[in-house]
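There are 2 protein chains.
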Amino acid sequence: MRVVVNTLYKSAISELKERLLEINDLARANDVLEWDQATYMPPGGAEGRARQMATIAKLVHARSSDPALGALLSQLQSHTGAPATDAADSNSDDAALIRVAQRDYDRATRIPTELMGEIANHIGRSYSAWAEARPKNDWATMRPYLEKTLELSRRYAECFPEAAHIADPLIDGSDEGMTVAIIRPIFAELRSFLAPLVQAIAAKPETDASCIFQHFPEAQQWAFGEAMIRDYGYDFNRGRQDKTHHPFMTRFNWGDCRITTRFNEDYLAEGLFATLHEAGHALYEMGIDRNLDGTPLGEGTSAGVHESQSRTWENVVGRSLPVWEHYYPKLQAAFPEQLGKVDLETYYHAINKVQPSLIRVEADEVTYNLHVIIRFELECELLEGTLSIADLPEAWHARYQEYLGVSAPNDTDGVLQDVHWYGGLIGGAFQGYTLGNIMAGQFNAAASQAIPDLADQWRQANFAPLHAWLSENIYRHGRKYTALDFIQRITGGPIQLAPYKEYLTNKYGAIYNL
Amino acid sequence: MRVVVNTLYKSAISELKERLLEINDLARANDVLEWDQATYMPPGGAEGRARQMATIAKLVHARSSDPALGALLSQLQSHTGAPATDAADSNSDDAALIRVAQRDYDRATRIPTELMGEIANHIGRSYSAWAEARPKNDWATMRPYLEKTLELSRRYAECFPEAAHIADPLIDGSDEGMTVAIIRPIFAELRSFLAPLVQAIAAKPETDASCIFQHFPEAQQWAFGEAMIRDYGYDFNRGRQDKTHHPFMTRFNWGDCRITTRFNEDYLAEGLFATLHEAGHALYEMGIDRNLDGTPLGEGTSAGVHESQSRTWENVVGRSLPVWEHYYPKLQAAFPEQLGKVDLETYYHAINKVQPSLIRVEADEVTYNLHVIIRFELECELLEGTLSIADLPEAWHARYQEYLGVSAPNDTDGVLQDVHWYGGLIGGAFQGYTLGNIMAGQFNAAASQAIPDLADQWRQANFAPLHAWLSENIYRHGRKYTALDFIQRITGGPIQLAPYKEYLTNKYGAIYNL
Chain Y
23 MRVVVNTLYK SAISELKERL LEINDLARAN DVLEWDQATY MPPGGAEGRA RQMATIAKLV
83 HARSSDPALG ALLSQLQSHT GAPATDAADS NSDDAALIRV AQRDYDRATR IPTELMGEIA
143 NHIGRSYSAW AEARPKNDWA TMRPYLEKTL ELSRRYAECF PEAAHIADPL IDGSDEGMTV
203 AIIRPIFAEL RSFLAPLVQA IAAKPETDAS CIFQHFPEAQ QWAFGEAMIR DYGYDFNRGR
263 QDKTHHPFMT RFNWGDCRIT TRFNEDYLAE GLFATLHEAG HALYEMGIDR NLDGTPLGEG
323 TSAGVHESQS RTWENVVGRS LPVWEHYYPK LQAAFPEQLG KVDLETYYHA INKVQPSLIR
383 VEADEVTYNL HVIIRFELEC ELLEGTLSIA DLPEAWHARY QEYLGVSAPN DTDGVLQDVH
443 WYGGLIGGAF QGYTLGNIMA GQFNAAASQA IPDLADQWRQ ANFAPLHAWL SENIYRHGRK
503 YTALDFIQRI TGGPIQLAPY KEYLTNKYGA IYNL
Chain G
23 MRVVVNTLYK SAISELKERL LEINDLARAN DVLEWDQATY MPPGGAEGRA RQMATIAKLV
83 HARSSDPALG ALLSQLQSHT GAPATDAADS NSDDAALIRV AQRDYDRATR IPTELMGEIA
143 NHIGRSYSAW AEARPKNDWA TMRPYLEKTL ELSRRYAECF PEAAHIADPL IDGSDEGMTV
203 AIIRPIFAEL RSFLAPLVQA IAAKPETDAS CIFQHFPEAQ QWAFGEAMIR DYGYDFNRGR
263 QDKTHHPFMT RFNWGDCRIT TRFNEDYLAE GLFATLHEAG HALYEMGIDR NLDGTPLGEG
323 TSAGVHESQS RTWENVVGRS LPVWEHYYPK LQAAFPEQLG KVDLETYYHA INKVQPSLIR
383 VEADEVTYNL HVIIRFELEC ELLEGTLSIA DLPEAWHARY QEYLGVSAPN DTDGVLQDVH
443 WYGGLIGGAF QGYTLGNIMA GQFNAAASQA IPDLADQWRQ ANFAPLHAWL SENIYRHGRK
503 YTALDFIQRI TGGPIQLAPY KEYLTNKYGA IYNL
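Line by line, the protein sequences are chains Y and G.
Numbering-wise, the working numbering puts 236 at position 214 of the first sequence, and it's gapless, one number per residue.
Numbering-wise, the working numbering puts 304 at position 282 of the second sequence, and it's gapless, one number per residue.
One chain only, chain Y, in its complex shape (with noise of 0.2 Å):
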């Protein structure tokens, strides 16, 4: 008996890992097409490409929905926790392949195909739309598209009726198991706590970071950042760097994880912090366990997890004290004429000013977390109808004034900032870049515990101990986990905000001496 049992869960495992490997090619083949139309492709291949991206999408949408997936799935599903089948264990490799291929497979077949397709449309014609209505400050032409989208992303969640907040099924979808119920008193918290800080930070001399502000060549730039992040244990065997309008971390298989950048000459932070903060994503994908390529669990959790490691490597150890006592002396030769004469402290207060400021993607590390508990606020309130389309635009001003102290002269720099509402669903789009920082504090001080002298190690560039504490951790379970079960295995507990203020408290009160 147990053969027999052993012998149809090893067919019908098989068959699963065949039809997901199918499936998982097809959709890494189209993040290469990504990747060229965004590094090398010539504008005429704009439309042909968009078609093949289509076609692909398609086919993977269609094999990801398979009926018959589904039924292999739940023979599969009978065997789990069955002794005799490698899925017994319900931390082995097969029990986490299957629960997580049955929990892409409800979501890719909750959603009515009509639906999909009606979104994909949207979508495509929105993101158009705000390529060209951003620039001319254009709302009015935003808002009907906004108010589809809102309709959409309403219509989505709505197809997940156990969910207890609408806002529930978009926030899964990127951060599984996170809800508003968790997110909301744990961003709250956060605010009350920044709100002081801020201001005390605000009431102190202004920095003056005029030294990263002069004009560092690019070829320099790129050489420097290339040599930190070797450094931090990205290969070049198994990636590489190339220059885009946005920049993006990409994975194609264990053995191509590439990071995309862009360079600002008269401005050295924009394209170094990009790096490290890419390089940080593909460290990630880079440590997943090599046998996991090509399933579904060989690939980053969650959007927030992502964010944990591209903020670690971007942020708690790339614009530490530490790490530039041992790269100030090297940037400084390699911009000599700009830095010769500018002492580490000083360069240090410039790449940590704090500032409220309008744009996410140029915030500081304390005021960034500002900028996404707005969105989140509003991307809650539109989904619950207690805001309207109509009374976002300044719904956004007021609660950026309150919040940060400042507002947009106009809805370019306002409501128009980001691409998310606009190639996206409204709701999920947001919470993972600050969990990330919440859960970083977590990780970060259970590596400081297991490692007591990482600060000397950094001073060395040796950031192998950490780089193998958070492979051994988290980079090579992949997907086996979500984000609340690594907290869990590491901490113990659940997600708390502990950890993430003392390292605000720590590094911003030295710097401004609070």
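Heads up, some of the hints might be wrong.
Copies of the same chain look alike in the list, so a pair counts if it works inside one copy or between any two.
Stated by the list, open to error - Taking lysine to aspartate or glutamate pairs in the EDC-like style, the calculated list, with each CA pair at most 16 Å apart, reads:
no.: 1; residue 1: Lys80; residue 2: Glu40
no.: 2; residue 1: Lys80; residue 2: Glu44
no.: 3; residue 1: Lys265; residue 2: Glu287
Don't read these hints as lab results, they were simulated from the structure.
The structure presented is a predicted model; accordingly, all values stated were derived computationally and were not measured.
Assemble chain G onto chain Y, guided by the hints.
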């Protein structure tokens, strides 16, 4: 009744186009993956990329040989020539589409899936073995591989029992309509013509080509070549040039036809003429009617016609005296130290130096054909069974001695020289190169008659009239016509050697004072 026929027809042709578009988009996506593999992929990506490409190739093959596609084509064949349909006119796009799709389907289904798998498997291993064995001059390792390749090539050809010669199905795969019966006599005639020409040239003082063997920095080479192909009409909005180990052209869609090149800083001709050659391939693909894009008609019709265009723009135009009357002063300005004191005639003779040599891809315009003829003859003899693989290395050396008066000191530059037999089947691999030269002779003679002052136009870097003539008569039609159709349409007759002989006689008679 007409209305019913028309409605049935329309629904069938639209389903056909949809199916073919999906096949096209998948196949072209694979081409993007291949381009990336050759240009920018980090080494670690090789294994995952190979798997992804195999997955897509499998999907392409399954769709290309889907019995439902066959049934649809049968249904549509019954409409071809029928009044009341767009396929009534056999010259219509629809009629051509049905014809070409049927041909592709027949070829895809004629070979049993197991044989296809066996071939793919063997070729993959053979290619890897060759890449190691060639530099080591290790024929012994490759001999059993090549024996297996020959066996598989025969079994492939035997799937087309109606063929008059065993090489015909293999030739037909890249040069539709061409057969041993057509090629053998014309190649024999070409050899009889070339032998005394090469001898006569050899009796003259050796050309001093040292002026192109100096140090030419890559950046200037790059800029010069791109400026020249821009003048040819290569549209950088619909393409780009990158560096690869082996230059190639690839078409992703109408708006994206890319080329690659390689540079040798100590030999000017290598990069420059590779760029001109690949640009010729690209001009052809860029000139195909946009409304054929995404269909099986939307690509060059055969290896031979493709070579006729790459060789026209590389050799007939790109190594002509009038072209260099315009460009040579610019080339001198780009490389004043190297060429400032070298006169045009010396340079022109250097880039057209005829000298029997060992390596096909480095051969001059005249002797190149002898390299091809040798390979074509050996392929036929191997397939016929009149030559064994064991005797191939010696046959290679003997033939080189007889036709070119040279003999390689090893197998590296002998039988192991070209990738074709080690990364593909034996048969059909080489004839296209020389068929291209011959057809270029016929096409360009017709173009010269239609545009009498071609040389004067080239002297002013005005390539638009020739480009327009080629586009009108060849490029725009894609695969609507075969090579033999084009020859018939343009010259009113069959393939003929006379124009090519006349071209060579005039050009090299003048250069070598014959």
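Checked hints:
When the C-alpha separation of Lys80 and Glu40 is checked against a cutoff of 16 Å, the pair qualifies only between copies, where the shortest distance is 13 Å, while the shortest distance within a copy is 19 Å. Within a single copy, Lys80 and Glu44 get their C-alpha atoms as close as 13 Å, and across copies as close as 10 Å, so both meet the 16 Å cut-off. In this homomeric assembly, Lys265 and Glu287 come within 16 Å of each other (Cα to Cα) only inside a single copy, at 14 Å, whereas the closest approach across copies is 27 Å.
When each numbered hint is compared with the structure, no violation occurs for any of them.
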